[in-house]
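Sequences listed follow chains A and B, in order.
Residue numbering for the first sequence follows the working numbering, beginning at 1 and increasing consecutively.
Residue numbering for the second sequence follows the working numbering, beginning at 1 and increasing consecutively.
What the hints contain is simulated information worked out from the structure, not anything from laboratory work.
Beta carbons are placed, not taken as given, at the ideal position from N, Cα and C, and that holds for glycine.
Take the hints with a grain of salt, since some may be wrong.
From the structure, some residues in chain B lie toward chain A, with a derived Cβ separation under 7 Å [to be verified]:
#, residue
1, T131
2, P214
3, G330
If you want the footprint, here are the derived chain B segments under chain A, 3+ residues with CB under 8 Å [claimed, not checked]:
#, segment
4, 37-47
5, 318-329
Each chain, written out:
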Amino acid sequence: MLRVWLILLALAGLASAQVQVRISGWGGTDIAIVNGLLKEVVQPKLDREGIRVVYQPIEGDYTQWLFNALSAGTAPDLFYVDIFWSESLFASGRVEPLDGYFSKQELAEFLPNLIQAFTYKGKVYGIPKDFNTLALQFNKDLFDEAGVRYPNQQDTWETFEAKLQQVQSKLKDVAGLCVVADFARFGAFAFATGWKPFDAKGHTVLDENFRRAFEWYTGLPRRGAARFAQDLGEGWTGGCFGGEKAATAIEGAWIAGFLRDKAPNMRYSTTFLPLDPVTKRRGNFIYTVSWSMNAASRNKPAAAKVLKALTSPEAQQWVLERGLAIPSRRALANNPYFQRPGKEPELNRVVFQGSGPQGGNVYPFKFLAYGGDWMRPINDALLAVMTGQKGVDQALRDAQAALDRLTGRR
Amino acid sequence: MRIKARTLEALYALLLLLPFLFSLGVFFLYAFLRAVYFSFTDYNLFSPPRWVGLANYWALFQEPSFLLALKHTLLYSLVVTSLQTFFALILAIALNRPLRGITFFRTVYYLPSVISTAAASLLLLWLFQRTGLVNQALSLLFSHLPHLAGFALLFLGLQGALVLWERRRGRRTPFLDPGLAAVSLLGAFLGTSAFQAWGLLQAREVRVDIPWLPTRASFLGLPYPLWAIVLMNTYTTIPTFMVLFLAGLKGIPRTLYEAAALDGATPWIMFSRITVPLLRPVLFLVITLGLIGTLQLFDQVLFVGGSGGAPLESTITLAYYVYGNVFPSGATPRVGLASAAALVLAGLTLVIVLLQRRFGVGERGWS
Numbered sequence: 001m002l003r004v005w006l007i008l009l010a011l012a013g014l015a016s017a018q019v020q021v022r023i024s025g026w027g028g029t030d031i032a033i034v035n036g037l038l039k040e041v042v043q044p045k046l047d048r049e050g051i052r053v054v055y056q057p058i059e060g061d062y063t064q065w066l067f068n069a070l071s072a073g074t075a076p077d078l079f080y081v082d083i084f085w086s087e088s089l090f091a092s093g094r095v096e097p098l099d100g101y102f103s104k105q106e107l108a109e110f111l112p113n114l115i116q117a118f119t120y121k122g123k124v125y126g127i128p129k130d131f132n133t134l135a136l137q138f139n140k141d142l143f144d145e146a147g148v149r150y151p152n153q154q155d156t157w158e159t160f161e162a163k164l165q166q167v168q169s170k171l172k173d174v175a176g177l178c179v180v181a182d183f184a185r186f187g188a189f190a191f192a193t194g195w196k197p198f199d200a201k202g203h204t205v206l207d208e209n210f211r212r213a214f215e216w217y218t219g220l221p222r223r224g225a226a227r228f229a230q231d232l233g234e235g236w237t238g239g240c241f242g243g244e245k246a247a248t249a250i251e252g253a254w255i256a257g258f259l260r261d262k263a264p265n266m267r268y269s270t271t272f273l274p275l276d277p278v279t280k281r282r283g284n285f286i287y288t289v290s291w292s293m294n295a296a297s298r299n300k301p302a303a304a305k306v307l308k309a310l311t312s313p314e315a316q317q318w319v320l321e322r323g324l325a326i327p328s329r330r331a332l333a334n335n336p337y338f339q340r341p342g343k344e345p346e347l348n349r350v351v352f353q354g355s356g357p358q359g360g361n362v363y364p365f366k367f368l369a370y371g372g373d374w375m376r377p378i379n380d381a382l383l384a385v386m387t388g389q390k391g392v393d394q395a396l397r398d399a400q401a402a403l404d405r406l407t408g409r410r
Numbered sequence: 001m002r003i004k005a006r007t008l009e010a011l012y013a014l015l016l017l018l019p020f021l022f023s024l025g026v027f028f029l030y031a032f033l034r035a036v037y038f039s040f041t042d043y044n045l046f047s048p049p050r051w052v053g054l055a056n057y058w059a060l061f062q063e064p065s066f067l068l069a070l071k072h073t074l075l076y077s078l079v080v081t082s083l084q085t086f087f088a089l090i091l092a093i094a095l096n097r098p099l100r101g102i103t104f105f106r107t108v109y110y111l112p113s114v115i116s117t118a119a120a121s122l123l124l125l126w127l128f129q130r131t132g133l134v135n136q137a138l139s140l141l142f143s144h145l146p147h148l149a150g151f152a153l154l155f156l157g158l159q160g161a162l163v164l165w166e167r168r169r170g171r172r173t174p175f176l177d178p179g180l181a182a183v184s185l186l187g188a189f190l191g192t193s194a195f196q197a198w199g200l201l202q203a204r205e206v207r208v209d210i211p212w213l214p215t216r217a218s219f220l221g222l223p224y225p226l227w228a229i230v231l232m233n234t235y236t237t238i239p240t241f242m243v244l245f246l247a248g249l250k251g252i253p254r255t256l257y258e259a260a261a262l263d264g265a266t267p268w269i270m271f272s273r274i275t276v277p278l279l280r281p282v283l284f285l286v287i288t289l290g291l292i293g294t295l296q297l298f299d300q301v302l303f304v305g306g307s308g309g310a311p312l313e314s315t316i317t318l319a320y321y322v323y324g325n326v327f328p329s330g331a332t333p334r335v336g337l338a339s340a341a342a343l344v345l346a347g348l349t350l351v352i353v354l355l356q357r358r359f360g361v362g363e364r365g366w367s
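Put together the whole structure using the sequences plus the hints.
Written as structure tokens, this is what we have:
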């Protein structure tokens, strides 16, 4: 009897020695990825340290849930932070700076653009778990059918547009590209001109460079090179591409999973976005998500260990090899996976390289703490011009006035 | 000690009311008082609330998007409440007749109210896309205008001739005599088809290309996307109110109509002097529920603005404004401002319902 009691006591002791770290992210396909990652890579490593990871994926509006949980003091120890709303969250003081847990050397192992994206007032608040940039996908069959040369990385806006026009005129029911009234796509072209979202004073000025990109992009449907996505019954360029309603798409690596389901046999290829004919540069966005730590966590040292395991080279290799996401470590640039033949490794390679010098003028997808409020005037202007409700002058004047009100320029 | 029967009864009542009182206290009273407090602070979910007095209310009435939301909400509420009350009443009267298979029709007309707002919004998006059914139907209509005009002219001509002929023969025939109209309709149809075959009538090439959703254009002060929501919401709420009216109509004694008929009252007199006055309690209920429901329009706006790509300025309502400020996309929550807006919405709802009761249809009579 005594022996049984002793064993039970020992087990209870073991259980109490184990530290629990709660982690959360969004639901959907991420659940399978994180569960697999935890089971195969992360948890075996942490078992030795007596750390148990409890994973709580959130379905529904994740941002809303996180902001509420942080406010109510019930947030998990580690959680996803999307670059888009990162600044307003970091400014709240509810996220732990990570400089104390990661050495400079450790941070330098990640792509500098990404670390920079999660740096706020000189401190690092998140370790990028993965990222995405924009790339140009094109349907080889449709280009072949139209007898038009494939888009390539030497293309400028003009040569690219000429190819789109040819495809659209040869294949009557296929658009060259389907354009969306969204800064999340158009912005890459504005960046190519050298335009920046904010000047030194934090104001937004829609200057001549911006106008040049704006006129080119919104004029594509009128010049017979593209169609407005909503006119094709789609909300994003990938939707048009997957349904073979458009010959090209401007999306990130997330399109791979969609195409795998929607058009598994499509022969597509990927290249970089076209160059601005004037500056001879391209532009791009970095969309990224970090693992960040709750400033009110009771298990910070353990949470830091979990964070390191989640973003370790082994973890990222695991994710990369399954074609699930683009890893954020520099060392993975030369990974053999990227050199494998096939449309998906190629897509992932172009997206990975899009964050570096080949991407041109690259900015993270965040707009100080203004978020969607900042993009709205520009999106409205894009929509008004593309649907023929306003001229370029009027649309840009209205957008500038709204941005001035928002950023306090006047 | 013996408890009196009355006390015991009161205790039981209280016990049964307790769960409801608890949820009312926690989710309404407490939340309401917190919202009142937050509306006077700059609370943002994270830093402790700081008292700012009336600054939020002042800021609200300075903000163009709030004023726009206010205008949209008031207009929308007025339009939808009028439309749904009117059509629900008409439908209820139509379905209150002793017809064969009336239960089937009642069921069919009730069906739209079973649709969830998410599904209805999706339907709305499909209908009102630039290449959607509404634009296609309009294109078809406009391209066949010559046919329609020809058909109408032929019908009028034939019907006129037939009625004249009947009257010549000494019969007092009204112009829209159903029997003659059926013959004229058939004749007009055959005539139009013949003209089409001879090439005298030709369809024109018309393509209606109205961007109903991604637009800021407006009609009678309401933007197009909101008109689309008006249509959809009226369509889905009419059935519920129709059922209420039907219940009300069942309560009106048949003898009143019989007496009126004996006195030679026309259907219109019966409707305006018997039906409507006796339906007053139901009318009051329907209008009040309609006003409260429409003033809180939210989910359709979220769907149409999100998936439909309608610009915020074209769809924003007060309830959406509140939500958009508590959870702004990518920005710090503005809970203080949102609480102030929520209280304005609550106050507005109360005032409008009281005004309706005072100057519109009351429970007991026309005020």
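Outcome, coverage of the segment 37-47 of chain B by chain A - at least 3 residues whose beta-carbon is closer than 8 Å to one in that chain: Three-residue rule met by the segment 37-47 of chain B, so holds; n is 4.
Hinted contact B:P214 with chain A - closest CB pair below 7 Å: 5 Å, holds
Minimum beta-carbon distance criterion (7 Å), B:T131 to chain A: 6 Å, holds
Outcome, coverage of the segment 318-329 of chain B by chain A - at least 3 residues whose beta-carbon is closer than 8 Å to one in that chain: As far as the segment 318-329 of chain B goes, the hint holds, because 3 residues have Cβ atoms under 8 Å from chain A.
Restraint satisfaction for B:G330 [CB to CB of chain A, less than 7 Å]: Because about 2 Å separates B:G330 from the closest Cβ in chain A, which is inside the 7 Å limit, the hint holds.
No hint from the list above goes unmet by this structure.
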